[in-house]
Every structure is written in C-alpha cells, then in structure tokens.
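Student: The primary structure of each chain is shown beneath.
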Amino acid sequence: MSALLGRLALACLLAVLCLAAPAQAQKQGGVLRVTHRDNPPSASILEEATISTDMPFMAVFNNLVVFDPNARQNRLEAVVPELATSWSLSDDDRTLTFQLRDGVRWHDGKPFTSADVKCTWDMVTGHTASNMRKNPRKTWWFNIKDVTTDGDHTVTFHLNDPQPSLLVMLAGGFSPVYPCHVTAAQMRTHPIGTGPFKFVEFKQNELIRLARNPDYWKPGRPYLDAIEYTIIPNRSTMVLALEAGKFDLTITGELTPELVKDVQAQVPQMQCLVQPSNTQGNLLVNREKPPFDDARIRRAMGLSIDRKAFSDILSLGVDKIGGAMLAPPEGIWGWSPEFMQTVPGYGADVEKSREEGRRIMRELGYGPDKMLPLKVSTRNIPDYRDATVILIDHLKSVYIQGEMEALDSAVWYARLVRKDYSVGMNVQGTGIDDPDVMFFENYTCGSERNYTAYCNPELEKLFHRQSMMKDFEARRQLVWEIDRTLQEDGARPIVYQSQGGTCWWPQVKGLKLAVNSIYNHWRFDDVWLDR
Amino acid sequence: MLSYLIRRLLLMVFTLFGVSIAIFLLLRIVPGNIADILFDSAGMIDPAEKQKIVSDLGLDLSLPVQYAHWIGGLLHGDLGYSYVSEKPVLDEILPRIPITGRLAALALLFAVCTGVPLGVISAVQQNTWLDYALRLFSLSGLSMPSFWLGLLILMAFVHYFGTIPIYDRAPATFWAWVAMLGVPAAAVGFRSSALIMRLTRSSMLEVLRQDYVRTARSKGLSEAGVTFDHALRNAMLPVITVIGVETAFLFGGLIVTETVFNIPGVARFLVEAIRWRDYPMVQNLVMFIAFVVVTVNLIVDILYMFVDPRIRYGQ
Chain G
1 MSALLGRLAL
11 ACLLAVLCLA
21 APAQAQKQGG
31 VLRVTHRDNP
41 PSASILEEAT
51 ISTDMPFMAV
61 FNNLVVFDPN
71 ARQNRLEAVV
81 PELATSWSLS
91 DDDRTLTFQL
101 RDGVRWHDGK
111 PFTSADVKCT
121 WDMVTGHTAS
131 NMRKNPRKTW
141 WFNIKDVTTD
151 GDHTVTFHLN
161 DPQPSLLVML
171 AGGFSPVYPC
181 HVTAAQMRTH
191 PIGTGPFKFV
201 EFKQNELIRL
211 ARNPDYWKPG
221 RPYLDAIEYT
231 IIPNRSTMVL
241 ALEAGKFDLT
251 ITGELTPELV
261 KDVQAQVPQM
271 QCLVQPSNTQ
281 GNLLVNREKP
291 PFDDARIRRA
301 MGLSIDRKAF
311 SDILSLGVDK
321 IGGAMLAPPE
331 GIWGWSPEFM
341 QTVPGYGADV
351 EKSREEGRRI
361 MRELGYGPDK
371 MLPLKVSTRN
381 IPDYRDATVI
391 LIDHLKSVYI
401 QGEMEALDSA
411 VWYARLVRKD
421 YSVGMNVQGT
431 GIDDPDVMFF
441 ENYTCGSERN
451 YTAYCNPELE
461 KLFHRQSMMK
471 DFEARRQLVW
481 EIDRTLQEDG
491 ARPIVYQSQG
501 GTCWWPQVKG
511 LKLAVNSIYN
521 HWRFDDVWLD
531 R
Chain H
1 MLSYLIRRLL
11 LMVFTLFGVS
21 IAIFLLLRIV
31 PGNIADILFD
41 SAGMIDPAEK
51 QKIVSDLGLD
61 LSLPVQYAHW
71 IGGLLHGDLG
81 YSYVSEKPVL
91 DEILPRIPIT
101 GRLAALALLF
111 AVCTGVPLGV
121 ISAVQQNTWL
131 DYALRLFSLS
141 GLSMPSFWLG
151 LLILMAFVHY
161 FGTIPIYDRA
171 PATFWAWVAM
181 LGVPAAAVGF
191 RSSALIMRLT
201 RSSMLEVLRQ
211 DYVRTARSKG
221 LSEAGVTFDH
231 ALRNAMLPVI
241 TVIGVETAFL
251 FGGLIVTETV
261 FNIPGVARFL
271 VEAIRWRDYP
281 MVQNLVMFIA
291 FVVVTVNLIV
301 DILYMFVDPR
311 IRYGQ
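Going down the list, the protein sequences come from chains G and H.
When you line the first sequence up against my numbering, it's residues 1 to 531, in that order.
When you line the second sequence up against my numbering, it's residues 1 to 315, in that order.
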C-alpha cells in the first residue's frame with residue numbers, strides 16, 4: 001500500500017514539475033535571416049506606405065506607444081507604453097499628455113527628448129516645413145491642433161475634438177518617432193532611431209542589414225545579434241531558399257494560401273500562418289469621367305461582382321468578403337455576417353443582384369447587342385491582373401465589355417493620383433484596422449488616396465462623429481452604417497479582403513503576428529533563435 | 001592591321017553614339033518619369049522638392065540639351081546621381097560589374113568548354129548513338145527557357161542536396177562557393193553551349209570532308225592530330241563569330257538568371273532602374289553593356305587573324 005502511495009506521490013510530483021516547467025530560456029545571439037520581396041523605395045517609414053519599408057525598418061525605431069506584441073488583435077485595449085511611460089487624457093478628452101522615458105538615446109548617441117516627438121508630429125501634420133518628399137498619412141493626423149512640450153520628458157497633443165483612435169494610430173508601425181537632428185534625406189538612406197536594432201546597410205536590390213543596439217533602453221533586449229533581409233523578387237526562388245533552410249522567416253503576408261500549403265507539404269515542421277493582410281482588392285470607378293459620372297452605371301457595376309468567386313479563384317476560398325472595414329473575427333469593425341446580407345450586392349443570391357444590374361443598364365440603353373465598352377486599368381503584376389480578368393468576366397453579366405490595360409507599377413500610381421483612368425482594379429492596404437484610418441485616408445473629399453474622387457460631405461460628418469465616440473458598440477454600429485453607404489454609393493466597391501501567408505522555421509521563437517494587420521509587431525525585441 | 005584597328009575603333013565610337021541616342025529617346029518615349037514616380041505614389045508634400053529634382057535632372061530642358069548634358073558628363077566620368085538610391089550612379093554600378101562580369105565570363109567559358117568539344121565528338125561520331133544523344137542534348141538547350149531551367153536546377157538542388165546555390169556574399173564552404181558561381185553560369189551558358197555545339201558539329205562535318213583533311217590522313221597523321229590540328233582550327237571561324245554574337249544574347253539571359261538565382265548584378269539592377277525610370281542609371285548601364293558587346297565583337301574580329309592566317313585586315 002505504501003509503495004502504491006509512494007508511486008502515486010512520485011507521479012503527482014512529476015506531473016506538477018512538468019506542468020510548472022519554465023518556458024524555454026531565451027538565447028542571446030544569432031542572425032535572423034529574412035526574405036524580402038522587393039527593393040523598398042526608401043528606408044524612411046514616415047515617407048512610405050508599403051510593408052517593404054515598414055517591416056524591415058520598424059526595428060530601428062520606437063513609437064510613443066505600441067501594440068502589445070502578446071496581444072493578437074491590434075486594438076485600443078492592447079496599446080502599451082514604449083517611449084512614453086504613461087499617458088493621461090484631460091477631462092474634455094482634447095488634451096493627451098505623455099510622460100517620456102528618461103535616458104533613451106538615439107543610435108548616434110544624442111539624447112531623445114520631447115522635442116523629437118514635437119518635431120515628428122509637426123512634420124507629419126504639415127504644421128512645419130520639412131524636406132520629406134512624401135507624407136502619405138497626413139490625413140491620419142487631421143485632428144491634431146498642436147503639439148507642445150513641457151521640459152524634456154513631457155509632451156502634449158492638443159486635439160480639435162476627442163479622438164479615441166489617436167492612441168491606436170500612434171501605436172502603429174507607421175508612426176515611429178523621428179530624430180529632430182537628422183535630415184529627411186538621411187532618414188531615407190541611413191535611418192537613425194532609438195529602437196532595438198541599428199541600421200547598418202541598405203544595398204539596393206540586395207539586402208538590408210540591422211545590428212543589435214547594445215544601448216537599447218529595454219534591459220536584456222534584443223536577443224538577436226542582427227537581422228538580415230535578403231531581397232528576392234522571384235517568389236519561387238524565395239520559397240525554395242526558405243525550404244532549403246537558407247532563411248528563417250519570410251516577409252509577412254507574401255505567400256499565397258496555395259504556396260503555404262506547398263511549403264508545409266515540403267517541410268512539415270515549418271510554422272506558417274495565413275491571416276488577413278489588411279489589404280483589399282477594390283474596384284475603382286472614376287466618377288469624373290463620363291459615362292461613369294452616372295451613379296446608376298457605377299451601381300450596376302457593383303452589382304455584377306460575385307465576391308465568392310473572386311475568393312475561390314484567387315485564394316482557394318480563403319480571402320474574406322466584407323466592406324471597407326476588415327471582416328470579423330480578425331477585424332474589429334467589419335460587418336457581422338447577418339448585417340452584410342442586408343447590403344446590396346452582398347447577398348447570397350448573386351444572380352438576383354446581376355438581374356438588378358442588367359435592369360439598370362437596360363434603362364440606360366445598353367443590352368446584349370449594345371455592350372458598354374471600357375478599359376479596365378490595372379497594375380501589371382500577377383495579383384492585380386488575375387483579379388482584373390475575373391472582374392472583366394463579371395462585368396459582362398451587366399452588358400459591359402471590358403478590356404484589360406496592364407500598366408507598369410510606376411505609371412499605375414501616377415495615373416491613379418492624376419485620376420487618369422476610367423475603371424481600375426486595385427489592391428490597397430491600410431496600416432491599422434481602425435475606422436479613422438480607413439475613412440480619412442481613403443474616402444474624405446480630396447484626400448491623397450481617394451483615387452475615385454468620391455466626395456460625400458454628409459457622410460464625412462459621420463466620419464467625424466464616429467471618430468469622437470467613446471462607446472465601442474455604438475461607434476461600431478455607426479461604422480457599419482457608414483461602410484454600407486460607401487458600398488451603396490459605389491465609392492470604391494470592395495471585391496475581396498486578401499489573406500497572406502507568413503512562414504518561419506521552428507528555431508524562430510517569440511514571434512507573434514497580429515491577426516488584423518501585417519504592418520505592426522515587427523520590433524523583433526522579443527524574438528530569439530533556438531539554434 | 002593598325003589602320004584596321006583604327007577604323008574599327010572609330011566604328012565603335014559611332015555605334016556607341018547610335019546606341020546612346022536610341023536609349024536616350026526610348027527612355028523619354030516610355031510614359032512616366034522619375035519625379036512623378038517618386039512623388040505621386042503617395043501624398044506629395046512639397047511641389048518645390050519635386051521641381052528641384054526635375055531641375056537637377058534637367059527634365060525641364062529640351063531633349064538635345066538633356067542629351068548633351070548626359071554625354072558631356074559621361075565623357076568627364078560623371079555618370080550622374082540616382083534619386084532612387086540617393087547615391088552617385090557610379091557608386092551603385094561599380095560594385096555590381098564584377099558580379100555580372102564573373103557570371104558572364106563563366107557562362108561563356110562553360111558554353112565554349114562544353115559546346116566545342118561536344119560538337120567535335122558529335123561530328124566525329126556522326127550518326128552513332130552518341131551523336132544522337134548529343135544532338136538531343138543541344139536541342140533541349142536551345143528550346144528550354146533559361147528561367148524554367150534555372151528553377152528546375154534550384155528545385156533539384158533543394159530536393160537532392162538540401163541546399164540552394166543562390167547568391168551568398170559569404171558562402172559557408174568551398175563547395176558552396178563553387179556551386180554559387182558554377183550553377184548559374186551553367187544555367188545561363190547552356191543555351192549558348194547548345195548553339196556552339198551545333199555550329200561546331202556542322203562546321204566540323206564540312207571540314208572533315210575537305211581534301212586537305214584526306215591528305216593529312218593519308219600522310220599517316222593520327223586521328224586526333226587530324227581532328228584537332230587540321231579540322232578544328234579551320235572549323236572554328238563560324239564558331240568564333242557566334243561567340244561574339246552570343247555575348248550580346250548572354251546579357252538577356254543574365255537578366256533572367258540573376259533574377260532566378262538572386263544575384264545582385266548589373267542585369268537585374270537594370271530592370272529595377274527601368275521600373276523607376278531612373279534615367280541616369282539606365283542610360284549609363286545600357287551604355288556599359290553596349291560597350292562590352294562592341295568590344296567583344298572587336299576582339300572576335302582580331303581573333304580571326306590568329307585562327308586563320310589567310311585573313312589579314314587592312315590589306
């Protein structure tokens with residue numbers, strides 16, 4: 001009996017020890033080898049709007065606040081301090097004050113102070129002149145009236161109106177704090193930050209190299225000695241090199257669901273995650289160009305789209321269907337499935353929608369014998385072209401005869417900005433899953449990325465109203481209604497919400513990706529290698 | 001000989017002049033310019049900054065003046081400034097030349113070292129199973145796109161050896177270094193090798209039937225002596241011609257091979273520069289490639305003399 005009890009006690013002890021075993025101890029050192037998809041236009045995060053710049057250079061910088069890397073969803077509740085140690089909001093919610101971390105130094109040895117925060121936001125809001133070439137997110141900061149400092153370690157954002165989302169935008173990868181004493185030109189080629197890794201080298205079309213910042217303010221971090229991004233534009237080569245163990249991690253969201261399946265079949269131990277990339281395929285209709293200035297034609301075009309077919313063909317059914325805001329459960333603000341069914345063109349009965357589209361076109365004098373001819377412009381890369389081919393096929397169902405015009409990337413963006421197109425198929429990302437970001441960046445009258453020249457002053461009032469709302473549920477209801485109006489107006493019909501895959505070898509530890517944005521979580525200060 | 005060389009060098013200058021005009025005009029015909037591309041992809045902050053780049057690049061000047069500025073700078077060793085990389089063009093091009101040069105030279109070496117001997121064997125062994133096998137081999141070389149071949153090679157390496165011979169600045173082992181240099185060279189040189197083999201074969205077959213070859217045999221020379229001393233030397237003229245022509249084609253193949261094997265050389269960089277309409281970069285890179293091709297063809301012409309003593313230029 002006593003022997004049995006002894007064995008039982010031993011088993012219990014072992015079980016307890018197993019359950020209480022500490023997490024694997026982090027190892028210091030090693031070079032994280034990451035694949036990169038193309039040559040970033042520059043190293044300056046504030047001047048670019050692409051993951052090609054954001055992911056490799058985010059580790060050079062810090063933000064005032066950041067999304068908790070352990071939280072899977074980027075949202076207000078997940079915002080934690082970074083260069084700020086704390087923040088407080090005035091009673092009228094119009095003054096946001098940050099206490100800043102003491103003893104932080106830029107990579108060139110100069111001290112970080114509140115003046116750096118002020119000059120960064122003076123620059124991006126356009127309040128002061130800067131020699132930045134581009135400022136793609138100026139609209140994000142529409143509500144900032146002024147930024148003031150009080151000593152070296154206190155900075156205050158003065159707002160025109162309350163804006164709960166401001167903290168969310170400050171936490172995104174696209175909102176690093178820049179040093180006042182470094183020129184914009186240098187930030188494009190040799191960025192200086194306060195982050196866990198120092199910039200070492202950016203060889204055009206070849207590689208980007210970062211090295212551990214030994215003076216990083218976070219004790220014991222980062223674990224890695226260096227991060228090296230190798231630019232591999234050919235996707236097949238990239239996948240083969242990953243499988244051969246030449247790289248530890250792929251650039252985020254770059255692998256299609258089919259490729260992820262293939263990689264995992266070839267290397268079963270490979271860790272992969274397919275997640276929303278917060279990019280959308282959307283139909284651009286230039287409402288300034290006849291006959292597309294007629295809302296009825298735009299509506300008929302929207303009704304022709306079979307979104308499920310796009311998802312099935314482009315991504316084995318993995319791409320999501322939704323409006324402007326990312327669909328749940330990954331997205332915070334997207335329509336519920338029940339709500340989506342009530343939006344015209346989103347119902348399950350595609351044929352019914354198309355019949356409605358045909359009726360509109362017949363009223364306008366079109367029909368099977370008199371199709372409306374048009375050119376569908378798009379960027380000359382596979383993802384865009386594939387979607388355009390499907391779109392042209394769908395448009396036929398409402399008596400529209402499309403012809404693809406594939407444009408070089410360089411020409412494509414220039415034409416969009418100049419609105420020198422009639423109909424286009426576009427893919428576009430947003431840095432943060434937040435209505436302020438989405439609406440103000442893409443749908444306000446005259447905003448830089450409002451490629452369709454959509455302008456609805458009444459709706460814009462609602463943009464502002466939702467922006468001020470503190471009650472999450474009430475705000476979400478309003479966001480749903482705004483999103484419905486955007487789709488009904490054919491502002492920029494959303495065709496699919498892309499999903500992209502990221503793969504890494506099991507030796508990469510501490511990597512946590514967000515489910516609702518590919519643009520954050522790339523500080524790499526908690527990542528280590530178990531080799 | 002000297003007067004011939006002088007004539008050829010003058011012709012080289014005229015050829016390069018023609019190429020410079022062609023590339024200059026073609027770049028301006030293609031829609032879009034670098035200033036638009038740099039600024040239009042996102043919110044433009046300052047039109048003055050854009051205008052400054054337009055002025056710095058001379059894009060607001062007339063085409064003849066722009067051309068004169070470029071050629072004037074080129075003759076003084078000033079290749080201009082890249083507004084994409086924000087570095088002088090020379091600093092970007094120079095480190096890439098040895099990478100592409102090594103690959104091109106190795107590919108040409110591979111093509112000649114495999115194409116000529118295999119062509120000779122195929123001719124000497126005409127209508128045997130070996131000849132058929134080699135002809136099949138050469139046909140596959142001519143018909144396989146180098147992009148596809150490169151990927152097949154990479155897949156085979158990953159599958160059978162668990163490694164991949166793509167570019168690495170610091171290869172871990174000697175064999176990794178050999179594979180990194182040799183495999184892409186073989187992939188890009190395969191097509192040229194097949195062409196050289198077929199040409200060597202047909203040229204050899206023609207020469208082997210000549211009277212002087214029969215005479216050499218009847219003198220009692222060994223078969224190897226007949227084949228290599230008498231036949232091959234005379235069969236090499238068309239082969240040398242095609243090597244010159246292939247150098248130009250090789251650059252086309254290099255663009256693909258540098259992409260597949262991820263080699264950061266001149267050819268891949270040129271494609272990226274075109275994408276950005278990086279005029280100074282594209283113009284100077286194309287001129288560099290044109291210079292290499294013209295020089296190789298001059299060398300080929302001079303080689304004729306050494307291979308066939310009957311050829312004397314300028315007489």
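Among the clues, some could well be false.
Within a straight-line C-alpha distance of at most 35 Å, the following computed DSBU-like cross-link-like pairs (lysine-lysine) qualify [what the hints assert, rightly or not]: (1) Lys289(G) - Lys87(H); (2) Lys512(G) - Lys203(G); (3) Lys145(G) - Lys50(H); (4) Lys470(G) - Lys138(G); (5) Lys509(G) - Lys461(G); (6) Lys50(H) - Lys375(G); (7) Lys145(G) - Lys261(G); (8) Lys87(H) - Lys110(G); (9) Lys87(H) - Lys419(G).
For the record, the hints were derived by calculation from the structure and aren't laboratory data.
Student: Work down the list of hints and note, for each, if the structure agrees.
Tutor: We went through each hint and held it up to the structure:
no. : hint                  : result
1   : Lys289(G) - Lys87(H)  : violated, 41 Å
2   : Lys512(G) - Lys203(G) : holds, 28 Å
3   : Lys145(G) - Lys50(H)  : holds, 27 Å
4   : Lys470(G) - Lys138(G) : holds, 23 Å
5   : Lys509(G) - Lys461(G) : violated, 46 Å
6   : Lys50(H) - Lys375(G)  : holds, 30 Å
7   : Lys145(G) - Lys261(G) : violated, 49 Å
8   : Lys87(H) - Lys110(G)  : holds, 26 Å
9   : Lys87(H) - Lys419(G)  : holds, 32 Å
Of the numbered hints listed earlier, those contradicted by the structure are 1, 5 and 7.
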